[in-house]
Amino acid sequence: GLFIPVMCVGGGLGRLLGEALHLLSLRPQSLASLFSVVGAASMAAGVTHTYSTAVIMLEITGHLNLMLPILLGLSAALLVSKKCSLSVYDGILINKAMPYLPDVPKSNYKLRAKDVWDTDSKGWVHSTSSYKELVEALDVRPQWKAFPVVNNSGKFKGVVSRDRIEQYLSEMRQARLRDMDDHDVEGGTHHSRSSGWRTLSALQSLQSWGNSILSRSSTTREDLHGSHALFSGTFTIEPDAVKVILQPNSLVTDIHLLLITMRLTEIMIAEGGVLRGVVSRDQLKRVLYQTAWNK
Numbered sequence: 006g007l008f009i010p011v012m013c014v015g016g017g018l019g020r021l022l023g024e025a026l027h028l029l030s031l032r033p034q035s036l037a038s039l040f041s042v043v044g045a046a047s048m049a050a051g052v053t054h055t056y057s058t059a060v061i062m063l064e065i066t067g068h069l070n071l072m073l074p075i076l077l078g079l080s081a082a083l084l085v086s087k088k089c090s091l092s093v094y095d096g097i098l099i100n101k102a103m104p105y106l107p108d109v110p111k112s113n114y115k116l117r118a119k120d121v122w123d124t125d126s127k128g129w130v131h132s133t134s135s136y137k138e139l140v141e142a143l144d145v146r147p148q149w150k151a152f153p154v155v156n157n158s159g160k161f162k163g164v165v166s167r168d169r170i171e172q173y174l175s176e177m178r179q180a181r182l183r184d185m186d187d188h189d190v191e192g193g194t195h196h197s198r199s200s201g202w203r204t205l206s207a208l209q210s211l212q213s214w215g216n217s218i219l220s221r222s223s224t225t226r227e228d229l230h231g232s233h234a235l236f237s238g239t240f241t242i243e244p245d246a247v248k249v250i251l252q253p254n255s256l257v258t259d260i261h262l263l264l265i266t267m268r269l270t271e272i273m274i275a276e277g278g279v280l281r282g283v284v285s286r287d288q289l290k291r292v293l294y295q296t297a298w299n300k
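Residues 6 to 300 (this note's numbering) make up the sequence shown, in order.
Among these hints, one or two may not hold up.
[To be verified] Straight-line Cα separation of at most 25 Å, BS3-like style, residue types lysine-lysine; simulated pairs:
no., residue 1, residue 2
1, Lys101, Lys150
2, Lys137, Lys162
3, Lys127, Lys87
4, Lys101, Lys127
5, Lys290, Lys87
6, Lys101, Lys87
7, Lys101, Lys115
8, Lys137, Lys127
9, Lys150, Lys160
10, Lys150, Lys248
11, Lys162, Lys127
12, Lys150, Lys290
13, Lys88, Lys290
[What the hints assert, rightly or not] Ranges of calculated distance between the beta carbons of each label pair, as one might list FRET restraints:
no., residue 1, residue 2, range
14, Phe8, Pro110, 23 to 31 Å
15, Lys150, Val60, 37 to 45 Å
16, Glu276, Tyr114, 20 to 28 Å
Treat the hints as calculated values from the structure; they're not laboratory data. Beta carbons: idealized from backbone N, C-alpha and C, even for Gly.
Just need the whole structure built from these sequences, with the hints factored in.
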């Protein structure tokens, strides 16, 4: 449970404060019970960052005349807790590494997409891409679930998912393995037993190498150089339709809402059919955290 332990702690601290004020003769009449109720409601509000605890306490006590002190205590608790910490629910999301976006503060309501976007073209996929370019896109943007597809002139064509890129790479790798196998067969059937074993070992090594490239979150320059040497062909990317495309002047609050409600990880920003930038969940989170820290 969450509410009962928190309210018990708040009620106990409120009661302690009320009794202390009475013993110190700061209050001619003991109001320990009132302090207990206000303390319980304020503690719950500070932990959860909600006003709903006021309704709960009023329903528990049945005294509407306690509304004013409870609301005053809640307001003070919320003011302090929002300045100093996250709510318990947001903390749970962060500790479990679940998708989380902090609220947009009022000072950032006027921010636009062009103020928070990422204009670095690294990770943008071209309509005709090589094996090396696709591996570099996965490596440079390990958090992206969707990659923008552009043509040589920068025109935005659509998006391609990370799973489809990995599928393209797998198909390239399998085609290369078949080519190597066919080359060995066409080269003659008079290979010795040791030569056959060497060919099989080479195929298995290439297969395991390709799998390791896709399974790792990052690749080295040696990996990329090797992939470029082994897979010199290109692959035509068939992009998918985009759910959301925004303009550079779109408000950050709209982007924040779309990322949460539509469970998106990236939103493409285009103007006149040309891709201008990408606003990712991580990018927006960094901007909001930086703004909160500077305040």
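Going straight from one Cα to the other, do Lys150 and Lys290 come out at no more than 25 Å? Distance ~16 Å between Lys150 and Lys290 Cα, so the pair holds.
So the hint says 20 to 28 Å: do the beta-carbon atoms of Glu276 and Tyr114 match that? holds (22 Å)
Assess, step by step, whether the Cα of Lys101 is no farther than 25 Å from the Cα of Lys150, and give holds or violated. Measuring from Cα to Cα gives roughly 19 Å; hence the hint holds.
Are the Cα atoms of Lys150 and Lys248 separated by 25 Å or less? holds (14 Å)
Tell me if the straight-line CA distance from Lys290 to Lys87 falls inside 25 Å. Given that 25 Å is the threshold and the Cα spacing comes to 17 Å, the pair holds.
Restraint check for Lys127 with Lys87, where alpha carbons must lie at most 25 Å apart: Judged against 25 Å, a Cα distance of about 37 Å means the pair is violated.
Below or equal to 25 Å on CA atoms is what counts here, so check Lys101 against Lys87. Measuring from Cα to Cα gives roughly 21 Å; hence the hint holds.
Pairwise hint evaluation, Lys115 against Lys101, where the allowed Cα distance is 25 Å at most: violated (31 Å)
Quickly compare the C-alpha distance for Lys137 and Lys162 to 25 Å and report which way the hint goes. holds (21 Å)
For a C-alpha distance cap of 25 Å, please report whether Lys101 and Lys127 respect it. violated (29 Å)
Verify the proposed pairing of Lys162 with Lys127, using a straight-line Cα cut of 25 Å. The hint holds at about 16 Å.
Take the C-alpha atoms of Lys150 and Lys160, compute the straight-line distance between them, and say whether it is at most 25 Å. Within the cut-off at roughly 21 Å; holds.
Of the numbered hints stated above, those contradicted by the structure are hints 3, 4, 7, listed in ascending order.
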